[in-house]
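Protein chains: 4
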Amino acid sequence: MIIVMAPQSTEEHIEAVVERLEQLGYEHHISRGVQHTIIGAIGAPEGEKEMLAEQLSVLPGVDNVVPILKPYKMISREHNPRPATVFIGDAAIGGGHLGVIAGPCSVESREQMIQTGTAVKAAGACALRGGAYKPRTSPYSFQGLGPEGLEYLAAARETTGLPLVTEVMDVRQVERVAEVADCMQIGARNMQNYDLLKEAGASGKPVMLKRGFAATVGEWLTATEYIASSGCLDIILCERGIRTFETTTRFTMDIGGMVAARRETYLPIVADPSHATGLSSLVPAVALAAVAAGADGLLIEVHPRPDQALSDGPQSLTPAAFADLMKRIRRVAEAVGVEV
Amino acid sequence: MIIVMAPQSTEEHIEAVVERLEQLGYEHHISRGVQHTIIGAIGAPEGEKEMLAEQLSVLPGVDNVVPILKPYKMISREHNPRPATVFIGDAAIGGGHLGVIAGPCSVESREQMIQTGTAVKAAGACALRGGAYKPRTSPYSFQGLGPEGLEYLAAARETTGLPLVTEVMDVRQVERVAEVADCMQIGARNMQNYDLLKEAGASGKPVMLKRGFAATVGEWLTATEYIASSGCLDIILCERGIRTFETTTRFTMDIGGMVAARRETYLPIVADPSHATGLSSLVPAVALAAVAAGADGLLIEVHPRPDQALSDGPQSLTPAAFADLMKRIRRVAEAVGVEV
Amino acid sequence: MIIVMAPQSTEEHIEAVVERLEQLGYEHHISRGVQHTIIGAIGAPEGEKEMLAEQLSVLPGVDNVVPILKPYKMISREHNPRPATVFIGDAAIGGGHLGVIAGPCSVESREQMIQTGTAVKAAGACALRGGAYKPRTSPYSFQGLGPEGLEYLAAARETTGLPLVTEVMDVRQVERVAEVADCMQIGARNMQNYDLLKEAGASGKPVMLKRGFAATVGEWLTATEYIASSGCLDIILCERGIRTFETTTRFTMDIGGMVAARRETYLPIVADPSHATGLSSLVPAVALAAVAAGADGLLIEVHPRPDQALSDGPQSLTPAAFADLMKRIRRVAEAVGVEV
Amino acid sequence: MIIVMAPQSTEEHIEAVVERLEQLGYEHHISRGVQHTIIGAIGAPEGEKEMLAEQLSVLPGVDNVVPILKPYKMISREHNPRPATVFIGDAAIGGGHLGVIAGPCSVESREQMIQTGTAVKAAGACALRGGAYKPRTSPYSFQGLGPEGLEYLAAARETTGLPLVTEVMDVRQVERVAEVADCMQIGARNMQNYDLLKEAGASGKPVMLKRGFAATVGEWLTATEYIASSGCLDIILCERGIRTFETTTRFTMDIGGMVAARRETYLPIVADPSHATGLSSLVPAVALAAVAAGADGLLIEVHPRPDQALSDGPQSLTPAAFADLMKRIRRVAEAVGVEV
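Chains as they are written, first to last, in my numbering: chain A, 1 to 340; chain B, 1 to 340; chain C, 1 to 340; chain D, 1 to 340.
This is chain A alone, in the form it adopts within the complex:
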């Protein structure tokens, strides 16, 4: 941590900062310049004390406090430089394995799940997605089938053999969802629902954490640390687009942020071009972009009849369009040296 003193700060101000640093357990070095004095605080103490550093910015004469250490640890490449492979059932994601997870936004019926699962498996998907619990912007929209939806998911796994990814929205659902899901998804709206992160991290199942659509890369990685510190390191991150001023697309796929995040963490990161664009016509190009940029996998919405989907129809591919996309994904994956 670096404390930048204001030009008009006095010796007393500097002494007060030094005293506080000593209380907090830091060592310090003072650099006195013509305009600014800089105090470098090193040997940061563990845990909560480190977080109290923001108190220093309130002391008189302090212009600015610049943190040096990152707020995440267990999930950092400094902690573990080797890219991890996370398994959803028997499907490998990361470490050179590109996994494509596909399926409808919402679970609507047993037939829909079996039909979609069969189609996406034939095309090369490694896992089936579908939501039984749905976070919907409006209370008047379809809210998901709940436990019945979980049952249909299980039926589709039984028929197709594909492992399941499904969302959990509420701490009270964690136990039930963990019984069925091979990987529990936490959605963008819940990225900072910290109790949910902790419960999911303690559930014993792999967790996929979507980036909040207004979360910085740093906040996303720090939220991931909640899951890791609850005992789970089988974590997959998912970039699904951020909110920007651009409204041509539903969200803005942050390709550069995804690449930056992959340099910070050893955990696999997948991309969700369906939510990032909101338009099925843009999904294929953005999916290929993510693969070329090094994504460890993709999350793609597929529905047998997008024009009758109870949610997210406009961004869902038909099974035929998905099969075509898988062929193109394989070519790009090969060009960048990963295995689908």
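No lab work stands behind these hints, which were simulated from the structure alone.
Glycine residues also receive a C-beta, built at the ideal position from the N, C-alpha and C atoms.
Warning: the hint list may mix true and false statements.
A few chain D residues that face chain B, going by a derived Cβ cut-off under 10 Å, partial list only [stated by the list, open to error]:
#1 Ser31
#2 His36
#3 Leu59
#4 Arg243
Straight line, CA to CA, 25 Å or less: simulated DMTMM-like cross-link-like pairs of lysine to aspartate or glutamate [as the list claims (entries may be wrong)]:
#5 B:Lys70 - D:Glu11
#6 B:Lys70 - D:Asp63
#7 A:Lys70 - B:Asp307
#8 D:Lys73 - B:Asp63
#9 B:Lys327 - C:Asp90
#10 A:Lys327 - D:Glu339
#11 D:Lys70 - B:Glu54
#12 D:Lys70 - C:Asp307
#13 C:Lys327 - B:Glu334
#14 C:Lys198 - D:Glu148
#15 A:Lys73 - C:Asp63
#16 C:Lys70 - A:Glu11
#17 A:Lys73 - A:Glu264
#18 A:Lys121 - A:Glu179
#19 C:Lys70 - A:Glu339
#20 B:Lys198 - A:Glu334
#21 A:Lys70 - C:Glu54
#22 D:Lys121 - D:Glu339
#23 B:Lys73 - B:Glu219
#24 B:Lys198 - B:Glu175
#25 A:Lys327 - D:Glu334
#26 C:Lys73 - A:Asp63
#27 B:Lys70 - A:Asp307
#28 A:Lys198 - B:Glu22
#29 B:Lys73 - D:Asp63
#30 B:Lys198 - A:Glu264
#31 D:Lys327 - A:Asp63
#32 D:Lys198 - C:Glu148
#33 D:Lys70 - B:Asp63
#34 D:Lys327 - A:Asp307
#35 A:Lys70 - C:Asp63
#36 A:Lys198 - B:Glu148
#37 C:Lys198 - D:Glu334
#38 C:Lys70 - D:Asp307
Start from chain A and add chains B, C and D according to the hints.
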């Protein structure tokens, strides 16, 4: 709802749209132009069916679907044109009453709460705030005192007579928080934690819903509808800044959005200049701005020793600075004709 | 400037940084921590060399370079702590004087300008605005009357006595506009049109610089430095809303950014609620907010017939609505201790 | 255009709208619903009159005006469905040809340009970039060599045979730059400098228009229309990242926006991963993403010594890193069926 057909759409495309509209229960009118045909769909059906309108955008030949009806109803001025007054204990917010809710970010000790409550009451605050449960970006930061914090809040109410506003983060806390709080706050990070909205709305206590920092005004109002449709109309909205590219301030206070929201809903809206700016030096000017723009109240962080606060010190006012601000608030409130 | 070395950096890396700092004329102090070594570089050289600091971030072993000095100087409060008053003709802006500049978006006719000028003067405006040269998003929109428009502006000044503020868009217009205008406005789209800033700064007339709608406060102040370093210190800054994800309003008035900018510069800052909101129904509340927050003036669009305006009708007040607003502005100005 | 009347609008309000539509030359159809009446206006007149439609939103009883027609015409795929190939000298961009334009941010010396040009040509670049006129955020930064820089560019072309892309910032430079450049670049900060667009469009040289970093796709395409309507259809668009809340990268590459723009216009679109990310470590992955998503070319900053670059060193590749990237680009280009 208006369906704009693409220039190259055919009669068959138009017929398919009309057929679907009839299935969904809409009436329609077709306007045929040189370049575009427009289909107006009116007499919208209730509830879920209306939400299926997005399916129409997937039909062949459809360029665009423009919704007309707003997704919120119970909280709308069309539903009830008179501004509501909501009571937190005996403190009136809205309907010409400006209520200032003040207190620390986190409950840290019994003494801190009693000392702060006494000071803000003397200065003119109408309610005391303080968090027992804290949503913190990092798992290594102070996470709040929990039930012990609720106890200190209750003690401060007993001593000062001020009603309490405190945050609830997890559905499992709702019952316990409702026993103590005079108003339950749902924070920005949880604005779309729909299960929490429903439980809070069913708790029997007034609810203050902060705007998510990446939520549009429309999404904020629609999330409010979750609370209303759970049986609670004693709702206060709180604008606390949105996330933008500007980093000089922690968030960007959306004064225009607050004014626009007040024109849409009859519910009172308060402003939180502490979170919106993140810097105590900017809080007074932004607080006055909110009052001049018509806010029904303010939420202001006050801490006896900002340099020792366990959270949000940099944006907390001292009791003396708060007392000075209250004098200025009274002058501006008088200028715009509201009562503090 | 602070150079943060990466955890795995070597002695050679540190030496290379030190060598480069010496070449650039900096003094340095090294603080060695367990995880990070920090190099404080002080005694920064003048001008261009200082800007080369970013080169240091490219050196091997360097994690991050944190600048300390601000990129603006002449316009900074460190340079001159006393708030300046800038005169547009005989109208004072800043230093406790609130100036309201009003008029139509575009100059459309002699009559329109005289009629509007007469009305806004009667209501209490201190200067008349109106564009002869218009930057329009579409080449098919009305592009302004050009020299003829300048003539109508001059006629309105002659009749009403109000000094004029008008926009300059192109370096080739500067001379001609300077002959007529009492203050030259540079619009948001041209905030980083550096040649225009330099020419306007050398024209001998006061300059009003609008904030680019995607410019940070720091970039806005740094652009202002271009004008100052061209010889002009009669500069007024104008906050007119930034672009964010929110589309309820045309832009987002950045009240907190305006307040932060006023703490950095001694130059007056006015607010433009018309462009910030884009909706005449929101203009009054946001105008009052800006006054309460300490704005040194306002820029408000007024048109005799908003429904026939050739540009910006939806955000223009009628003369009657403007007169009503002026009364409310006076009350809030008095409450915060400034003179209209 | 669709006019949505407010629920409380009267017959007189509707008649007034209809009357105005007739004055403007539109035909109309009225759809009366239970809550809303909708007026469809079709047969839009040409040019300026169409732009006056916003006046309608000011009429009493009007809730909202929804435009249907796009504000760009000449550059639209509706105008010309076949993808265009634009030539920079003899280098083809678009229509299945992927062109990589490389070189330093600023022209610094004759040797630097010749050395860089030779290196990027050997690696497979089709054109050389370099700025003689530089738009710099600070007036104290290096501002470019001006005419001397143009001379060095010409020398590099003579030696290497590579055609030149260089930026024009000021209308007074257009003639001189057009003498040397094979393609004139208009930078992001000048995207809405309309006089510059018109002059560049009339210069007889191809123009590359960078997207403003706060411009929507629609505004970018509409700005392009200024160039087209000045007589130039040899236009290349360049996506170079937009400004968002994320600061890990300098800007946010908008892959989805680029794909959406390619569906709207037949003109080629290239991507600039150097400016979009600001970090050389992220450039390769984002460059590959752009190619996979269908970009018609790339703009990549290459400098022989990034640690001594007078501008943009942190985002510049070394010639060796560029040569390595070109190999990877070729593999991805082949996978998506375009020719480098």
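Status of the hints after comparison with the structure:
1. Ser31: Holds - the Cβ of D:Ser31 comes within 10 Å of chain B, reaching about 4 Å at its closest.
2. His36: holds, 5 Å
3. Leu59: Violated - the Cβ of D:Leu59 stays beyond 10 Å from chain B, reaching only about 18 Å at its closest.
4. Arg243: holds, 5 Å
5. B:Lys70 - D:Glu11: Holds, at about 23 Å.
6. B:Lys70 - D:Asp63: The given pair, whose Cα atoms are some 12 Å apart, holds under the 25 Å limit.
7. A:Lys70 - B:Asp307: holds, 22 Å
8. D:Lys73 - B:Asp63: OK: D:Lys73 and B:Asp63 at ~17 Å, within 25 Å.
9. B:Lys327 - C:Asp90: Cα-Cα ~34 Å, so violated.
10. A:Lys327 - D:Glu339: holds, 20 Å
11. D:Lys70 - B:Glu54: holds, 22 Å
12. D:Lys70 - C:Asp307: holds, 22 Å
13. C:Lys327 - B:Glu334: holds, 14 Å
14. C:Lys198 - D:Glu148: holds, 21 Å
15. A:Lys73 - C:Asp63: Holds - the C-alpha atoms of C:Asp63 and A:Lys73 are around 17 Å apart, at most 25 Å.
16. C:Lys70 - A:Glu11: Since the Cα atoms of C:Lys70 and A:Glu11 sit roughly 23 Å apart, the hinted pair holds (cutoff 25 Å).
17. A:Lys73 - A:Glu264: holds, 10 Å
18. A:Lys121 - A:Glu179: Holds - the C-alpha atoms of A:Glu179 and A:Lys121 are around 22 Å apart, at most 25 Å.
19. C:Lys70 - A:Glu339: Violated, because 49 Å separates the two Cα atoms, which is more than 25 Å.
20. B:Lys198 - A:Glu334: violated, 48 Å
21. A:Lys70 - C:Glu54: With a Cα-Cα distance of about 22 Å, the restraint between A:Lys70 and C:Glu54 holds, given a limit of 25 Å.
22. D:Lys121 - D:Glu339: This hinted pair holds, its Cα atoms lying about 16 Å apart.
23. B:Lys73 - B:Glu219: holds, 13 Å
24. B:Lys198 - B:Glu175: holds, 13 Å
25. A:Lys327 - D:Glu334: holds, 14 Å
26. C:Lys73 - A:Asp63: holds, 17 Å
27. B:Lys70 - A:Asp307: holds, 22 Å
28. A:Lys198 - B:Glu22: Status violated; Cα separation ~47 Å.
29. B:Lys73 - D:Asp63: Status holds; Cα separation ~17 Å.
30. B:Lys198 - A:Glu264: violated, 37 Å
31. D:Lys327 - A:Asp63: violated, 48 Å
32. D:Lys198 - C:Glu148: Distance of about 21 Å is within 25 Å: holds.
33. D:Lys70 - B:Asp63: holds, 12 Å
34. D:Lys327 - A:Asp307: violated, 42 Å
35. A:Lys70 - C:Asp63: Satisfied, since the Cα-Cα distance of roughly 12 Å is no more than 25 Å.
36. A:Lys198 - B:Glu148: holds, 21 Å
37. C:Lys198 - D:Glu334: Between C:Lys198 and D:Glu334 the Cα gap is close to 48 Å, so the pair fails against 25 Å, i.e. violated.
38. C:Lys70 - D:Asp307: holds, 22 Å
Hint compliance for this structure: hints 3, 9, 19, 20, 28, 30, 31, 34 and 37 are not met, and every other hint is.
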